[in-house]
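Asks: Take a look at the letters that make up each chain.
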Amino acid sequence: MFTAAAAGLLIAICLALVRAILGPTVFDRVLAANTIGTLAVMLLAVIGFLTGRPEFLDLAIIYGLLNIIGTVAVLKFFRFGDLGEPGNGDLPR
Amino acid sequence: MSRLISLFAVLFLFWVVLSGFFTPFLLGAGVLCALAVAWLANRMDVVDHEGHPIHLGPRLFTYWPWLFVEIVKSAWMVSKIILDPKLPISPTMVKFTPGQRTVVGLVTHANSITLTPATISIEVAPGEFVVHGLTRENALACIDSEMDRQVQRFEGQRAVKDAA
Amino acid sequence: MSEVIYVLSWLSVTVGAAFCIIGTAGMIRMPDFFTRAHAASVPDTAGAGFLLLGMMLQAGLTLVTVKLIIIGILILFASPTATHALCKAALTRGLKPPMADGEVISKR
Numbered sequence: 001m002f003t004a005a006a007a008g009l010l011i012a013i014c015l016a017l018v019r020a021i022l023g024p025t026v027f028d029r030v031l032a033a034n035t036i037g038t039l040a041v042m043l044l045a046v047i048g049f050l051t052g053r054p055e056f057l058d059l060a061i062i063y064g065l066l067n068i069i070g071t072v073a074v075l076k077f078f079r080f081g082d083l084g085e086p087g088n089g090d091l092p093r
Numbered sequence: 094m095s096r097l098i099s100l101f102a103v104l105f106l107f108w109v110v111l112s113g114f115f116t117p118f119l120l121g122a123g124v125l126c127a128l129a130v131a132w133l134a135n136r137m138d139v140v141d142h143e144g145h146p147i148h149l150g151p152r153l154f155t156y157w158p159w160l161f162v163e164i165v166k167s168a169w170m171v172s173k174i175i176l177d178p179k180l181p182i183s184p185t186m187v188k189f190t191p192g193q194r195t196v197v198g199l200v201t202h203a204n205s206i207t208l209t210p211a212t213i214s215i216e217v218a219p220g221e222f223v224v225h226g227l228t229r230e231n232a233l234a235c236i237d238s239e240m241d242r243q244v245q246r247f248e249g250q251r252a253v254k255d256a257a
Numbered sequence: 258m259s260e261v262i263y264v265l266s267w268l269s270v271t272v273g274a275a276f277c278i279i280g281t282a283g284m285i286r287m288p289d290f291f292t293r294a295h296a297a298s299v300p301d302t303a304g305a306g307f308l309l310l311g312m313m314l315q316a317g318l319t320l321v322t323v324k325l326i327i328i329g330i331l332i333l334f335a336s337p338t339a340t341h342a343l344c345k346a347a348l349t350r351g352l353k354p355p356m357a358d359g360e361v362i363s364k365r
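Protein chains in written order, with this note's numbering: chain U, 1 to 93; chain C, 94 to 257; chain L, 258 to 365.
Check the hints yourself; a few may be wrong.
Claimed, not checked - Below 30 Å or equal to it, Euclidean Cα-Cα: the simulated DSBU-like pairs (lysine-lysine) are: (1) 188/C with 166/C; (2) 179/C with 345/L; (3) 353/L with 76/U; (4) 179/C with 166/C.
Calculated from the structure, these hints are not laboratory results.
All chains, please: the whole structure from these sequences, using the hints.
Replies: Printed below as a string of C-alpha cells:
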C-alpha cells in the first residue's frame with residue numbers, strides 16, 4: 001500500500017518537474033519547486049512508513065521548514081532583486 | 094503572563110514530542126531551552142494577541158474541521174475541471190470588503206481562501222480583498238461567503254456583539 | 258475493528274496520492290501561471306491532508322501521529338502563505354492574469 005503511494009508521489013514529482021523545466025516564467029518554476037518540496041515532505045513520511053523507520057518524520061519536518069524559507073527567499077529575491085534591505089546606497093564604503 | 098506560560102508549555106511539549114526521550118537530563122535541557130526561548134520572545138515583544146493567540150482557544154477546533162471539509166469539496170471540483178478534456182475555466186478577479194475586524198481574523202480569512210483550491214487571495218488589506226478564482230462562480234462565491242461568517246464567528250465577533 | 262481502520266487508511270492514502278497526481282497533471286495542462294497556481298494548491302492541501310490522515314490511521318495513538326499532525330499544521334500554514342506571496346510577486350512584476358470578463362469585478 002505504501003509502495004503504491006510512494007510510486008504515485010514519484011509520478012507527481014516527475015509531472016511537477018516537467019512544469020519546472022517547461023515553465024515559461026520564473027514564477028512557474030518557483031511554483032513547481034514549491035510543489036515538489038511539499039511532495040518530497042510527503043514522500044519522506046511515506047518512506048518512513050515503508051521502511052518502518054519513524055526517524056524519517058523528523059527529516060520531513062526539517063525539509064518542510066527549509067521549503068518555506070527557500071520559497072520566501074527566492075520570492076523576495078525576484079520581487080526586490082535583493083535578499084535584504086538595500087539601504088540608501090549613498091553611504092561611504 | 095498567561096500567554097508567556099502557555100508559550101513555555103507549547104515549546105516544552107514540542108521539545109518532548111521531537112525528542113521522544115524521557116531521561117532527566119534531556120527533560121531538564123528541554124525546560125532550559127523552552128525558558129530561554131520564551132524569555133527571548135518576551136524581549137522581542139512578539140508574545141501578543143497576534144503572535145500567540147490563545148484567546149481563540151477552543152474555537153480553533155471547530156473551525157479547522159469545517160475548513161477541511163470545504164477544502165475537500167473544492168479540491169474535488171478542481172480535479173473534475175482538470176480531468177475535463179475541454180478544461181472549462183473562466184479566470185476571474187473580484188474585489189470585495191471582508192467582514193473581519195481583527196488582524197488575526199483577516200489573515201485567517203485570506204489563508205482560508207488560498208487554502209481552498211480554485212481561489213487565491215492576491216491582495217490583502219483591511220477592508221479590501223482581491224481574490225483570483227479559477228472559474229467565475231468560484232470567484233463570485235467568495236463575496237459575503239459562508240467562510241466570511243465562519244471566520245467572523247472564529248475571531249469572536251458574535252461574542253463581542255453579545256457583550257456590547 | 259482493525260480491518261475497518263486498515264481499509265480506511267488504505268482508501269485515504271490512495272485518494273491522497275491520486276489528488277497529488279491530478280494536481281500536478283493540472284499544473285501541466287493549465288494555460289497560464291495563475292491557473293497553474295490553482296492546480297498546484299490541490300496536492301498542497303487535499304493531497305497532503307489525505308495522505309497524512311491515512312498515515313495517522315495506520316500509526317494509531319503514538320508519537321508518530323503527533324509528528325504527522327505537526328507536519329500537517331506546518332504545510333497548512335506555509336503553503337497558502339507561499340502561494341499568496343508568489344501570486345502577489347507575479348502581479349507586481351507585471352504578469353497579467355487572463356480574465357474571462359476582461360476586468361476586475363468590484364463589489365462592496
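Asks: Would you mind marking each hint as holding or not holding in the structure?
Replies: Okay, the hints, checked on the actual structure:
At most 30 Å may separate the alpha-carbon atoms for a hinted pair to count; residue 188/C and residue 166/C meet this at roughly 23 Å. Taking the CA atoms of residue 179/C and residue 345/L, the gap is about 29 Å. The hint holds against a cut of 30 Å. Of the pairs offered as hints, the one joining residue 353/L and residue 76/U holds, with about 19 Å between alpha carbons and a cut-off of 30 Å not exceeded. Under the criterion of a C-alpha separation no larger than 30 Å, the hint pairing residue 179/C with residue 166/C is consistent with the structure, at around 21 Å.
In the structure shown, no violation is registered for any of the earlier numbered hints.
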